[in-house]
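2 protein chains.
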Amino acid sequence: MFRAMMPPSTIAWSASGIRVLDQTRLPVEEVYLDLVTVDEVAEAIRALRVRGAPLIGVAAAMGLAAAALRAGGQGGGGAVGLESVRQDCATLRATRPTAVNLGWALDRMLARAERAVASGEALPPALRAEAQAIWDEDRAMCDRIGEAGLALVPDGATILTHCNAGALATSGKGTALAPVYAAVERGRRVSVIADETRPLLQGSRLTAWELGRAGVPCTVIADSMAASRLSRGGITAVLVGADRIAANGDTANKIGTYGLALAARAHGVPLYVAAPRSTFDPSTPHGSLIPIEQRAPEEMTRLGGTVTAPAGALVWNPAFDVTPVALITGFITDAGLFAPDRLMEWLRP
Amino acid sequence: MFRAMMPPSTIAWSASGIRVLDQTRLPVEEVYLDLVTVDEVAEAIRALRVRGAPLIGVAAAMGLAAAALRAGGQGGGGAVGLESVRQDCATLRATRPTAVNLGWALDRMLARAERAVASGEALPPALRAEAQAIWDEDRAMCDRIGEAGLALVPDGATILTHCNAGALATSGKGTALAPVYAAVERGRRVSVIADETRPLLQGSRLTAWELGRAGVPCTVIADSMAASRLSRGGITAVLVGADRIAANGDTANKIGTYGLALAARAHGVPLYVAAPRSTFDPSTPHGSLIPIEQRAPEEMTRLGGTVTAPAGALVWNPAFDVTPVALITGFITDAGLFAPDRLMEWLRP
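Residue numbers (the working numbering), protein chains in the order written: chain A, 55 to 403; chain B, 55 to 403.
For reference, chain A alone in the conformation it holds in the complex:
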């Protein structure tokens, strides 16, 4: 019964490329886009039609493979084919600078392309197989995160979350919401409080929508209400996703996560970051070295047809902030639940 109520799948192969749910049209319309060229995939990622760190990686890999399949039909291959894959990787990599899964998926695709060329293997089927593997692993990763976090979501739990790190952010049952879905699958009664997540409202538009589909009660609050809500008690845990986790555990996630973490700490509510291994970036020693994407001021000065700030107002619009590891109770990963001081051990190559 639960599975029938899951949100529709966010991504699939189409006849000539990939098919994705356009998340900018939610919660009003459920519109699917067929993306054929790498430029179309890049635009969809840049415009947040496809968003969520894990899903971006899957979409980039699948988009790259689909492009190679078409080019392969036109006789591409060998050194020429590899050069084209490199260019496509560069185009896709430039779309979002903070999410590390994107670079991880593209590195993996490029390495597979290089191996294929070196061994005289045809590029298109090799890339298609690698993208399919990334997609399959993403769904399995969500399931493992769900199991790893299950004990944090007991019967009667109320979970506070920020942005959307749910099914819509992945090709499976999500990261931060995976333990919620896993608990609901076992018959536990769980409710969620969703920060609306300004400026793009991924919490009220996406998290509330997918939880509604799954029959999980969800209450929307403004980001600024979280501290007050935490002060009233009854919150079991704060669960959030991540876009990049530095080697020391400092975590870049949607703007507002840091303020939420301060409020959770002030009220003794544990905060867990849920993310797959591909979100951890051991090459970045700590959070202050994570590049933070700045987005267009228009995201803050208009919403739909409504002007929300006077013409000419200055705007600061970072997409992410960094939560220091000291405010993080633990990490829910596809390899289990880790206390921050166990991270280094796990990440060591």
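Any given hint could be a false lead.
As the list claims (entries may be wrong) - Coverage of chain B stretches by chain A, computed from C-beta distances (three or more under 8 Å per stretch; other residues unrestricted):
id, stretch
1, 248 to 256
2, 275 to 287
3, 307 to 318
4, 346 to 359
5, 368 to 382
It should be emphasised that the hints constitute simulated quantities derived from the structure, not laboratory data. Where is the CB? At the ideal position from N, CA and C, for every residue including glycine.
Following the hints, complete the assembly by docking chain B onto the known chain A.
This is chain B only, laid out in the frame that chain A set:
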């Protein structure tokens, strides 16, 4: 030069009632409303056309006086007139439960009406004089708050504020922004960072608009960005207004103030609450006893023509939160700057 750039006045007498700036139309249109009946004034307060704790008190007093003037013309007076004033007070008092200035202004108007009736004085001119006094005192109060907070806004200061506690919230130069305007009047270079203040965006719509009018540089951020911005340094102080201050200094202000106060404290940035004596409520011993207005869910599920949450989403929408006095560095009042531990002494009758 500065005065010429001040925002237009928020309230005035009109031929048959009061004239107010409709703040729900900002920042796009500057529309003034002529309010004639007490019901019209009540609707304008309830719908936040007229908002800001001090301005609500002034508007209620002036609206009440205008109604009495019209009734007086039809022969109202004595016991009948007093009963009508009592009913009007009840109507206006019910519009916003949290702001204490409203009750304070209405109590004062009612006491004046009772004195007038007891001494055989005509009600309408007595009420008009009392409302005029409340209005005049409000402007003078703003000036005194500006002077009291002047030392907190040195040349080169960057002030972070939440909601709108500026000229638009009063009939003068504001409360939290009064020290900013006072500093600018003395030639100091000051810039302001304005939390947009969801759900009704008083920061991006109103604070950015009035500071733009006054030529003060203002950068709009989402409420959830404040913690990240504070972590980057360079913020001189956080200045906010208040809707009600309990006897112990706990302060009810626009939702989000509490989370902002936690973030300011985490970064060692002082937070000051600016408010006139009428916002202090010695009859409420501490913050948990302050009634918190809950507003309609539609404020969170739509913005203009845009649907921001799925149909049927649950919403929690408190208009205010309470910041414990432990997070407040000081109070900027019309009687000077007070450390929290000096409050009781000042408030003692």
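Now for the hints, and whether the structure bears them out:
1. 248 to 256: Check passed, 6 qualifying residues.
2. 275 to 287: Holds, because 10 residues of the stretch 275 to 287 of chain B bring their Cβ atoms closer than 8 Å to Cβ atoms of chain A.
3. 307 to 318: holds (count 7)
4. 346 to 359: holds (count 5)
5. 368 to 382: Contact hint for the stretch 368 to 382 of chain B vs chain A: holds, 7 residues under 8 Å.
Violated hints: none; the structure is consistent with every hint.
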